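Trainee: Which chain is which? The protein sequence lines are V and X, in order.
The first sequence: position 23 = 264 (my numbering), numbered continuously.
The second sequence: position 559 = 800 (my numbering), numbered continuously.
Hints were generated in silico from the structure; no laboratory data involved.
Identical copies go unnamed one by one, so any copy, or any two together, can satisfy a pair.
Restricting the straight-line Cα-Cα distance to at most 20 Å, the calculated cross-link-like pairs of lysine to any residue (SDA-like) are:
| no. | residue 1 | residue 2 |
| --- | --- | --- |
| 1 | Lys893 | His713 |
| 2 | Lys852 | Thr817 |
| 3 | Lys852 | Asp816 |
| 4 | Lys371 | Thr505 |
| 5 | Lys825 | Ala472 |
| 6 | Lys852 | Arg870 |
| 7 | Lys883 | Arg332 |
| 8 | Lys825 | Tyr342 |
| 9 | Lys617 | Lys827 |
| 10 | Lys883 | Glu329 |
| 11 | Lys379 | Thr336 |
| 12 | Lys785 | Gly746 |
| 13 | Lys925 | Ala966 |
| 14 | Lys473 | Ala829 |
| 15 | Lys785 | Glu329 |
Quick caveat, the model's predicted, so the values are computed rather than measured.
Number of protein chains: 2
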Amino acid sequence: MSNDSLSHGDFTLPGEAGYEQLTLRLAKKWGADTIRDSDGTQLSPGIVQSGYAIYSTVCLVRSVQPWACVHRDKLQQNFLMSFPVVAEKARTTITLLAGYYTEQFVVNFGDSPKQWWQVFDRTTGNPVAKAKWSANAKKGTVTIEGTVPGHQYTVNFLAFRVWEEISMYNHLTNNWGDREHLAAVDPMQPETQKVLLAFLDKWLREHPDTKVVRFTSMFYNFSWFWGADHAKLRDIYSDWGDYEMTVSPRALKLFEKKYGYRLTSEDFVNGGLYNSTHNAPSRRYRDYMDFVHDFVIEFGRKCIDLVHRYEKLAYVFYDDHWVGVEPSSPRFKEFGFDGLIKCVFNAFEVRLCAHSTGAKTRELRLHPYLFPTGLKGEPTFKAGGNPTLDAKNFWIDARRGLVRAPIDRIGLGGYLSLVEPFPDFQDYIEGLAKEFRVLKSFHAGDKPWAAPFKVAVLTAWGDLRAWTCSGHFTPGVALYDVLESLAGLALDVVFISFDDLVKNGVPRGVKAIVNCGRAGSAWSGGHYWDEPRVEEILTQFVQKGGGLVGIGEPSARPRAGQTFKLARVLGLDRDTGDRVANGKFKYAAPASPVAPHFITTDVTAPLDLGKDVEGIYVFDGDTQVLAERDNSPRLTAHAFGKGRGVYLSGFKFSFENTRLLHRALFWTASQDAAWGAWQSSNVKTEATYFAKAKKLVVINNAGEPQQTTVTLAGGRAGKPVSLEAHGIAILGV
Amino acid sequence: MSNDSLSHGDFTLPGEAGYEQLTLRLAKKWGADTIRDSDGTQLSPGIVQSGYAIYSTVCLVRSVQPWACVHRDKLQQNFLMSFPVVAEKARTTITLLAGYYTEQFVVNFGDSPKQWWQVFDRTTGNPVAKAKWSANAKKGTVTIEGTVPGHQYTVNFLAFRVWEEISMYNHLTNNWGDREHLAAVDPMQPETQKVLLAFLDKWLREHPDTKVVRFTSMFYNFSWFWGADHAKLRDIYSDWGDYEMTVSPRALKLFEKKYGYRLTSEDFVNGGLYNSTHNAPSRRYRDYMDFVHDFVIEFGRKCIDLVHRYEKLAYVFYDDHWVGVEPSSPRFKEFGFDGLIKCVFNAFEVRLCAHSTGAKTRELRLHPYLFPTGLKGEPTFKAGGNPTLDAKNFWIDARRGLVRAPIDRIGLGGYLSLVEPFPDFQDYIEGLAKEFRVLKSFHAGDKPWAAPFKVAVLTAWGDLRAWTCSGHFTPGVALYDVLESLAGLALDVVFISFDDLVKNGVPRGVKAIVNCGRAGSAWSGGHYWDEPRVEEILTQFVQKGGGLVGIGEPSARPRAGQTFKLARVLGLDRDTGDRVANGKFKYAAPASPVAPHFITTDVTAPLDLGKDVEGIYVFDGDTQVLAERDNSPRLTAHAFGKGRGVYLSGFKFSFENTRLLHRALFWTASQDAAWGAWQSSNVKTEATYFAKAKKLVVINNAGEPQQTTVTLAGGRAGKPVSLEAHGIAILGV
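Start from the sequences, fold in the hints, and give me the full structure.
Mentor: Structure below.
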């Protein structure tokens, strides 16, 4: 590998007009081959014509504002549920947008309310007959006749969104005053498609120096409904994966034509829960997602074809308007994208990007973003900030994923000028880019060593939501923590859905299955456990020697007498309160902090599993309780048939817990004898072996220097390794 | 009131043969008018003929052992669920009693298993066809053909109980060695009835000196299923109010004839949960309870008539075999009992006893029981014990109820000889008996002052389980704590069921309703909230000015988007985890430990509400959050319509919390202006005003001396009152 190949290439630099010299100096220092614009920055001719490849961002749906202003009926829509109103009399009037941000929403009275809306008596659960209610466009209300005092009523209604959410967020966050409120047009309308394609054609013509069109992203934003009171309740609803903001009468009609049945407003509103990715999705909603995915691919492909006709490349940024794009979908390749760009905070997001197939180039946009302040308002590139330390901390998180999975490019975004006063930051990024290129070179034509068995993560979404739950990390959703742990481990991880399982059984090579989440969640599975084949297949899998790691409320689908469907496999269940009269088996109290076991070998302190589950009880002495709290087991090991089950009452990403999970997976897979190869003794460090390059990469995931020893193949201990804070060692073996 | 009337009467003393002098001395000292035998003690002629009235205990169903030994098919039965077995092959054999205590149970193979039993595939939830399974009486097994590997199977089967539970418990606890195992016969069998009546007739003839036949209790014990491993899982199932132990093929046939439909084994087994009183009961099970209640009254009446024919009185001890007796039932009077005796630990049990109608005399058996050790094995009347302090502490708990409700008699039980070495105990009981007689005299022809409004406790059981949940206090069931608080407050409390509410609306005079418990419990209501009239009636009640105090998971019946049916009334709801994507209103942080409010006036420390509920969120600023933890409100106040709602995330009996609840009830009832009359300033003390006697009774509920001031009628403050530890003051006003 030449020095040059480590110093140059695969790096996207955000350029900035007015800072041409800085742009070109850092492009050279960081080995950039590409310069991009960012939200709020332009590239000047001096940059554009400097010989670097140019990325230009475009967000189609908010690109045609003059047309959008005069075609308000072509704006994007969604269903909203009015806030519940309790009837006091036999006539009840509901102000539809009460509580909602009226700069975002305008009620769609134009498409027949009687056809598309629904009014519910939420006390009985029944819809109110259409003859009993009427909409008043002038007042923005619905009046219901014959209401029963004491009953709760809500209206599901269609609303146009007159302010596109990313524009709204940036505008209000940055106090943009009277700058225009951009609205997003709905490309499901044929007229809109024509306008957008014409715009894109013109834009492509007007950007001759652009090599890569960087779509931000395609057409529909993730769901984000704002409240009237931004201080007290800004986010009434916000979900990264929900398709709520794609719906319209046209979409519903096309859906009915294609699927042969009609969706109702309640399929979207769902009692006010909408269709959060975190909850087990309905079959009807899954159909609707497929329908939208089809459309986004179909029209997206037209846009991408147009880009290609201008001999440019089309990349998509996996953020904001990503709904319908679905980079994990097997159909993603049908778009014809040349690249996928993912902004990353965590290792699991690196794996998510690497996991997508169908785009040749996978690029990461690293943090920190070059903005004065970070996402939580903390100083970054301003007084009090330490951008170099920030960069190191973000890097050690992302790097855990990068050593495990190949990524093609990295880059930054924002205002380049901000880095000028931080020469140490400039130096650090230079080194970081080199580190990235070394790791990339090891991945070339090789795969890092992984355990001799596969691990499957079982959720309602399966591979469609591989290496994420719903967008960036959300505290309190334990599967995120599990994914963050898995993202850096020498394991071959696959993601399967309950439907996959019923259709194809447990995939070949899988020896351990993880099911993690609260009851009813998409992650634990909720109603997908109603299919008895799921329990049957998984139980047989363990009977025959497979392993199950259940976390939180695995396989939870409560019925009288049982909460976890796989209770017998795990050797325990959860009492949700209805077992007051049922006795609980008294298990032997485990040693403190944990009972000795293969799984707990590296545990040195009481377990911190985050906000974990209580009320666990074991059936008999066959379940080894390795840790407990208040008479509720927190970590257990259970032999079942020829296989094994491990239960954890919760999970929180930490170095110790990552090791605990790693060992639990080996143990349940009955691979404890194989434990040790390429394993780093210090839990704050991780080792990865690349066979082709004969290199052992040891990374320090901590902000302090570390010592470790890596067990080599065959079980020999390697030499001690010293690592700087955030450091890396690359050893020939 | 004469001194004599305070020194004598209404006291039942446990006599003991061999201690005639002590018996007669203490009978005089304590003012006893009655002497009783106890389990393990006899009365000698010297006692029986000393002129005192004599109580004699009899437990009919275990009184005919020689007959029971040769009529094993006439023993009592119940359904059991075998422990779940996971199939490995297409044939699965289940050992029915595996895990159960085989000295208690013998499988009933004699009554056709195919007719009465059920085998379940618990993975699909479906019963296994009868042709697919067969029972083997010799091996005690059921073999199922065509089982699906990985599915869970259970058998619901009938078992005779060959060792009556109270006999078993006393036998094993006291190491009675080879003493006979008593079994309980089933009086539902006509032959058995004949045998029992003949026994009773003979017994009555043989007890000419007995004035009161003290039944212990009638025929069926509360449910108590023992496990094989007494150290690890003795109580597989135990519920004070469950009718499980009454069932038999005969009962099922008679039920079908009377009710026109057939009950199945699963109506009793309920997936292994059985029919715990703590869970919202099914309609079918309620019918079955009525059926058994009918039978117990019908045959019980025959027994009591026989007692009366011998010119004796019939009292029933409300414990052990109390199932079907139901002292709170309006039909209780049909038995013709002359007295009801309740053993009490807590104030709510005093109220329970006082609440029963239909027996002229209501007697309390106080604690400590005259045994060397207490119920938890602690020393009482032996080295290390302090029976006087125990008696004081039990008395101050019971006394809170005694000042509020009339009780006719008190008494003790056990081995009288044990008190001989404790003269201070003898003195204390003398004083206690006088204190009781004073309180009784105040109740005569009068009612203590109570707040000018009624409080209703709303549960699935309503008045049938008034002043209890299921037997004695169970930690973690918050309604017990609420009842213990209410039992000593100057409030007129009624107990209503959801059925009462739907049928009759909110009872006249009720201005505050309490709903308290976890989701699905009989206390919070569970499926009874499916009737929309419940929500409608209660919401209208508050709209029109009523008050609601919700505790824990009040009105919980989760559906998409809502957990509490009365969420809008309370101004909050509970997120059980599915609202990850729904924003939460940011309320103003309350002051520490609580925000100032009428309700919190007497709170001085952070709230201790026991194991309370998390995930509470408010809708808007109309809900005042008075206390919180980890961003989850714990105490709130909410105006709704003309009424008010208060929410508490849990409840634990304590003096401060009792005051908090008292104030919350006044506030929700919009009676805060009426607060203060006859209120004691010190929360460790309570005041009760008897108008007819013009007496103010002030009790010290604490073990240390207290000072307090009682607000008199009209709001004037009375003079300071000093109270000894456990003391009482009776003031003329």
